[in-house]
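Q: Chains B, C and D with the ligands: place on chain A using the hints.
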Amino acid sequence: MTADASHGVDTPPELVQLLTPEGERVEHPDYDIELTEEEVRSLYRDLVLVRRIDLEAVALQRQGELGLWASLLGQEAAQIGSGRALTDADMVFPTYREHGVAWCRDVDPVKLLGLFRGVSNGGWDPAEHNFHLYTIVIGSQTLHAVGYAMGLQRDGAEAATMVYFGDGATSQGDVNEAFIWASVTNAPVVFFCQNNQWAISEPLERQSRIPLYKRASGFGFPGVRVDGNDVLACLAVTRQALRNAREGQGPTLIEAFTYRMGAHTTSDDPSRYRLADELEAWKLKDPIERVKAYLFKNRLADQEFFEKVDAEADALGKDVRGRCLTLPDPPPEAIFQNVYAGPHALIDEEREQFLTYLAGFER
Amino acid sequence: MTADASHGVDTPPELVQLLTPEGERVEHPDYDIELTEEEVRSLYRDLVLVRRIDLEAVALQRQGELGLWASLLGQEAAQIGSGRALTDADMVFPTYREHGVAWCRDVDPVKLLGLFRGVSNGGWDPAEHNFHLYTIVIGSQTLHAVGYAMGLQRDGAEAATMVYFGDGATSQGDVNEAFIWASVTNAPVVFFCQNNQWAISEPLERQSRIPLYKRASGFGFPGVRVDGNDVLACLAVTRQALRNAREGQGPTLIEAFTYRMGAHTTSDDPSRYRLADELEAWKLKDPIERVKAYLFKNRLADQEFFEKVDAEADALGKDVRGRCLTLPDPPPEAIFQNVYAGPHALIDEEREQFLTYLAGFER
Amino acid sequence: MTTLTLAKAINEGLRRSMEDNAKVLVMGEDVGKLGGVFRVTDGLQKDFGEDRVIDTPLAESGIIGTAIGLALRGYRPVCEIQFDGFVFPAADQIITQLAKMPLRSLGKIKLPVVVRIPFGGGIGAVEHHSESPEAYFTHTAGLRVVACSNPADAYTMIQDAVRGDDPVIFFEPKRRYWDKAEVDLGAPGLPLDRAKIVRPGADLTLLAYGPMVKTCLEAAAAAEEEGRDLEVVDLRSLNPLDLEVLTDSVRRTGRCVVAHEAPVFSGFGAELAARLTERCFYHLEAPVLRVGGFSTPYPPSRLEDYYLPDLDRVLDAVDRSFAY
Amino acid sequence: MTTLTLAKAINEGLRRSMEDNAKVLVMGEDVGKLGGVFRVTDGLQKDFGEDRVIDTPLAESGIIGTAIGLALRGYRPVCEIQFDGFVFPAADQIITQLAKMPLRSLGKIKLPVVVRIPFGGGIGAVEHHSESPEAYFTHTAGLRVVACSNPADAYTMIQDAVRGDDPVIFFEPKRRYWDKAEVDLGAPGLPLDRAKIVRPGADLTLLAYGPMVKTCLEAAAAAEEEGRDLEVVDLRSLNPLDLEVLTDSVRRTGRCVVAHEAPVFSGFGAELAARLTERCFYHLEAPVLRVGGFSTPYPPSRLEDYYLPDLDRVLDAVDRSFAY
Ligand SMILES: Cc1ncc(C[n+]2csc(CCOP(=O)(O)OP(=O)(O)O)c2C)c(N)n1
Ligand SMILES: Cc1ncc(C[n+]2csc(CCOP(=O)(O)OP(=O)(O)O)c2C)c(N)n1
Ligand SMILES: [Mg+2]
Ligand SMILES: [Mg+2]
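Sequence order for the protein chains is A, B, C and D.
Per my numbering, numbering of the first sequence is gapless, rising by one per residue and ending at 371.
Per my numbering, numbering of the second sequence is gapless, rising by one per residue and ending at 371.
Per my numbering, numbering of the third sequence is gapless, rising by one per residue and ending at 311.
Per my numbering, numbering of the fourth sequence is gapless, rising by one per residue and ending at 311.
Bound-form chain A, shown alone:
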């Protein structure tokens, strides 16, 4: 058969897993990872803290303090595992849901809240954190990531870029163009797709008839599916892909197989389009519970540790909430700031007219 046998409608997808939902540590022939107890505890702490930030944000939205929130509930392991695989020199391009990765890049959670509160469209300095701004136009950041990676190549930098996107995003022309650019230039970029099974109300079948990680084969670079609810596997697979990229072996597509346990955003009502059963099934694969079970069963952490983390989470939640409530609105003239880097006569004129107009109300 000359028709490419790998078109793969029939091949069952493999899933890299290092920690089962029950918290059993399992081996994988291609990916393994040596972590200290401390490191695993630290990952657990990350997972709990980012979930808490997320819960707090959802609550703040319910109380009218945020215009919207896109919850990461269920995707903590995908984000922490991949986020902790990064080195400082690596550059990250997120979508709008990577609060866990932002956490790994030391972006103040309140800055994320600010965006959803409507005080800015961005808010942090991407260069300071090597964490780009959230991008809302689906898929467009994938090309930025490849361009940045082309820059890394030209600089001879020992670094890679990693770009996040969802299952739905794989349908956008831009994402596929990014695959082409990356493969043709052999750019040091890792495509990290969080397949959370849903693009708002649309199940994966509306975007692809084969497992997403196989998309890469059509462009000539490796694709791998990892258990997105397994923080160890996500860490191991991403670390490997980033290393390959840094070493000049070009791009990798990682499909983190996970589940959006909450609504698409706080504006969404998933009961209109998916069954509660599905959620229940995924709850059994919770990304945090399995780490807890693992730590506990293997006596790598005790009750005191878990309580300490919970307490830390409570404090963090409180802190984030408190600072969110006091986030100042930008002054009206901020509308005109930073539109251009250089002077711009039209902006200057409009700003002046507007300030005169506003002043009229004070008289």
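Calculated directly from the structure, the hints in this document are not laboratory data.
Mixed in with the good hints, there may be bad ones.
Below, computed lysine to aspartate or glutamate pairings styled on EDC-like, alpha-carbon distance capped at 16 Å [what the hints assert, rightly or not]:
#1 D/K20 with B/E213
#2 C/K95 with B/E136
#3 C/K201 with C/D299
#4 D/K167 with D/E(-1)
#5 C/K10 with B/D163
#6 D/K33 with D/E6
#7 C/K20 with A/E166
#8 D/K95 with A/E136
#9 B/K300 with B/E47
#10 D/K20 with B/D277
#11 B/K119 with B/E73
#12 A/K119 with A/D96
#13 D/K10 with D/E37
#14 B/K326 with B/D116
#15 D/K95 with A/D133
#16 C/K95 with B/D133
#17 A/K300 with A/E312
#18 C/K33 with C/E(-1)
#19 D/K10 with D/D29
#20 C/K20 with A/D133
#21 D/K10 with A/E136
A short list of chain B residues far from chain D (calculated; beta carbon distances all over 12 Å) [unchecked claim]:
#22 E42
#23 Q161
#24 A167
#25 R214
#26 G325
#27 D337
#28 I343
Chain C is nowhere near these chain D residues, computed Cβ spacing over 12 Å in every case [unchecked claim]:
#29 L276
#30 D292
#31 L298
Think of the CB as a built atom: it goes at the ideal place given N, C-alpha and C, for glycine as much as any other residue.
A: Chains B, C and D with the ligands only, in chain A's frame:
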């Protein structure tokens, strides 16, 4: 290895071939074709005639009668082979170079010339020929083809669509979105990519690092590479793909491996970017010579036949040239015609003003 | 007469269109089970099936491109672009194909494709969800561009858009989706390319479309208290313009203020100002003034009340006009 | 002083920019060995290497998207869009990303990306090769939009565009690529955002940019024979406008005609007419009139001479202006 082993940087591409450059008939395990002598002679005639039309068009452009011409030289077999695989009910979406397919669909060549002469942007009735208008914006017609195929599905029609595009086009977002739509909807569409090795001055390596037919595997449908200079193989492979499509087996990507023997268009100067040697090597694989050799060696045609075809080609060339020269320019008011199907006040106003203005010169 | 929200009025109009003509399809992201993020297509998939109400892959170019293909096969697709700011991936298909193919075919091809775009701000949303991209399309020859402002119009305009043989960019004022009004489900509306004087007045003409019609009506009501009699005209059709109604109004009042949410600079208001000035030069007591968004990207939502022209900004322009 | 064609002047300007700053890159389809279909980048890849002069995959969204990424890494990409009609696949990256990212970052990000677009008609080309899409970009806040009209300006303007820290859409009048003129390779040009009176006059102001500047100069020369003294202003910058120069000119002459090749309806001329009318209301003897393409897709080339505003069409508008 979980990384998809089929990412295929190393796999050597197979090429479906039924007729060698020397005119030897060879077998292929998956594709074969039974043709009468008459049918093979007819294919030969097609090849010769469309090459002649093309040569005439190039000459007309040189003489200032056309603004531009995109020559099909070297791609005759890909176009006639695939074009003759179509049934009347199938719908075709061409690029701007499918003069051979247009021939198979009974589009008057003078209408093609008209477009390049600048008397219209289209000129034939797509529904009359089931041959859509030439599309110049690279790749955009691939989505039209899939949409049309979705229509065929809804109509329960026993037909497929076939869409042509080049190697360069495979980099466009639209083409990849078309792959997604087609695979997700299992639309009856055949993607026919003429890989003529060049996108103007850019060699294939700027578009892909693996053989193009493998792109399909990333989307979950079959891809096949065929010798694009072998009219029999192109016919066999396309026939099969169209049949599969009509029978509900969804899309196929065909990569016809061929060569653009001429310039990109009459405006282009290939000596700036490619070596003459390359052309010489491909001349040995000429799509017409091998059919001639086959017919001759197997005594399926005699000298008289070849002379008759040449004479027919001469007559056709003359006819096309003559009618091209007398192609009338459209009247100025044609600018305003057919912009909208319904009445449109602005167009009406501008037309009237313009005609009044023009009339002013006659006074 | 039935009381409907604007969103529901479009829903009813779509339903009617689909009942009348089996070739009418609805397609877009989340238009099926979810009924669209604004519920405009609510219930349609349930009643007309998945073949006629299509949840598409997440790609706007693909939505318009395949809709063109379906139209070539005789279908009449109504595409939903989920939010104004997400129409740009489809710009190429709209501008180079949808708008130009009929002429390319010398009239052999008709493309009855409707592109619905919820547009405008004022709902406290994040970036790209509050924009007004109409000027990109009014400048694109081959498209009709309309904007509805109220439930009754929305109900008939969507049906007319679907019925016509031209591509139509159909703007829906998203912050008015929940506004309710009486709708006569039996009455035919004003033709799609006609403007409507929604409040007659003698002193100045306020021109608006979509969400700003309501704002202008409020401004006119407020101005009345100050003794100014403002006429408010709802354009309804942006391309083509109903110049008869507009010219007549401006000639009568001698003053004109145009309001839209999009940035003023190179926005659609410029066309209105330029064209009406040509036609009403000797009647104008003041230049046609424009009120709109600033020449900046749409700001974060905590600033949108400053950015969006409101009653005060409109009245300020009215004052400036009377100052001439 | 050296005699250069406009195409060669841009080439020299690019070369100078690349010599001055190692971060400057050139990228696009066929810009390498071929030197671009108009040879504007001729020889650059040979001299600066494949890492700085990049033949890209055939995808405009990818060109702009990766250029943004390169700019984020500190590079200064100059992208070529092969023809005006092929910019639309990149519309999303230009409008939602390139234009808006600096504000999104509260100024942390600068995007010094130049997008070169050969534009306009008059070369007998097939569809999509003769368009004038400037209004799509002038309406997009966050972008600077400029158009050069002659070799000397082209040489300095491209360097200024590359040197600035803002994204610039750089329009090049393709049918003037082969026009020759003296260029002083040492002299600094007028700042990028300044307009230039290219022919002073007292009776009427002709406003133009890109290819129409020459046409307007010819029209002014012809009008002179009829005793009319027309001023011609080359805008150079479309966003922002140099309103001081424009307003002053129109106030002096009291009449204004705007000329561009793009369709008049909702085109950039509307902004000029509307804004100048606001600023010069009491000085205007006639409405600002517009001459441009019709509200139709660009016609097949055998009709383009009718479609494109030529000397006669410009003078006809001048006559109409004087008829007021
Ligand atoms: C170009 C574009 N089209 C539409 C949208 C509206 N939208 C926001 S999120 C979303 C679904 C995204 O799904 P996916 O890529 O799977 O990411 P997830 O939200 O599941 O993380 C859509 C359609 C958008 N933001 N951008
Ligand atoms: C969107 C778009 N970008 C650029 C061009 C200019 N252009 C015309 S043909 C061409 C190369 C096409 O190469 P390929 O797809 O291989 O087809 P071929 O011409 O070799 O048949 C380019 C870049 C175009 N027509 N459309
Ligand atoms: Mg998803
Ligand atoms: Mg090619």
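Q: Compare the structure with each hint and give your call.
A: Results of checking the hints against the structure:
1. D/K20 with B/E213: holds (14 Å)
2. C/K95 with B/E136: Holds, at about 10 Å.
3. C/K201 with C/D299: Holds, because 13 Å separates the two Cα atoms, which is no more than 16 Å.
4. D/K167 with D/E(-1): holds (14 Å)
5. C/K10 with B/D163: holds (10 Å)
6. D/K33 with D/E6: holds (13 Å)
7. C/K20 with A/E166: Not satisfied, since the Cα-Cα distance of roughly 47 Å exceeds 16 Å.
8. D/K95 with A/E136: holds (10 Å)
9. B/K300 with B/E47: Distance ~13 Å between B/K300 and B/E47 Cα, so the pair holds.
10. D/K20 with B/D277: holds (11 Å)
11. B/K119 with B/E73: holds (14 Å)
12. A/K119 with A/D96: Violated, at roughly 20 Å.
13. D/K10 with D/E37: holds (14 Å)
14. B/K326 with B/D116: holds (14 Å)
15. D/K95 with A/D133: Status holds; Cα separation ~6 Å.
16. C/K95 with B/D133: holds (6 Å)
17. A/K300 with A/E312: With a Cα-Cα distance of about 13 Å, the restraint between A/K300 and A/E312 holds, given a limit of 16 Å.
18. C/K33 with C/E(-1): Holds - the C-alpha atoms of C/E(-1) and C/K33 are around 14 Å apart, at most 16 Å.
19. D/K10 with D/D29: Answer violated: D/K10 to D/D29 is near 19 Å, above 16 Å.
20. C/K20 with A/D133: It is violated: about 40 Å lies between the C-alpha atoms, which goes past 16 Å.
21. D/K10 with A/E136: violated (21 Å)
22. E42: About 39 Å separates B/E42 from the closest Cβ of chain D, which puts it past 12 Å; holds.
23. Q161: holds (27 Å)
24. A167: For B/A167, whose nearest Cβ neighbour in chain D is about 28 Å away, the distance exceeds 12 Å, so it holds.
25. R214: Violated: least Cβ distance 5 Å, not greater than 12 Å.
26. G325: B/G325 is indeed farther than 12 Å from all Cβ atoms of chain D, at 22 Å.
27. D337: B/D337 not clear of chain D: closest Cβ-Cβ about 5 Å, inside 12 Å.
28. I343: At roughly 5 Å from the nearest Cβ of chain D, B/I343 sits no farther out than 12 Å, so the non-interface label is violated.
29. L276: violated (7 Å)
30. D292: holds (18 Å)
31. L298: holds (22 Å)
Hint violations for this structure: numbers 7, 12, 19, 20, 21, 25, 27, 28 and 29, all remaining hints satisfied.
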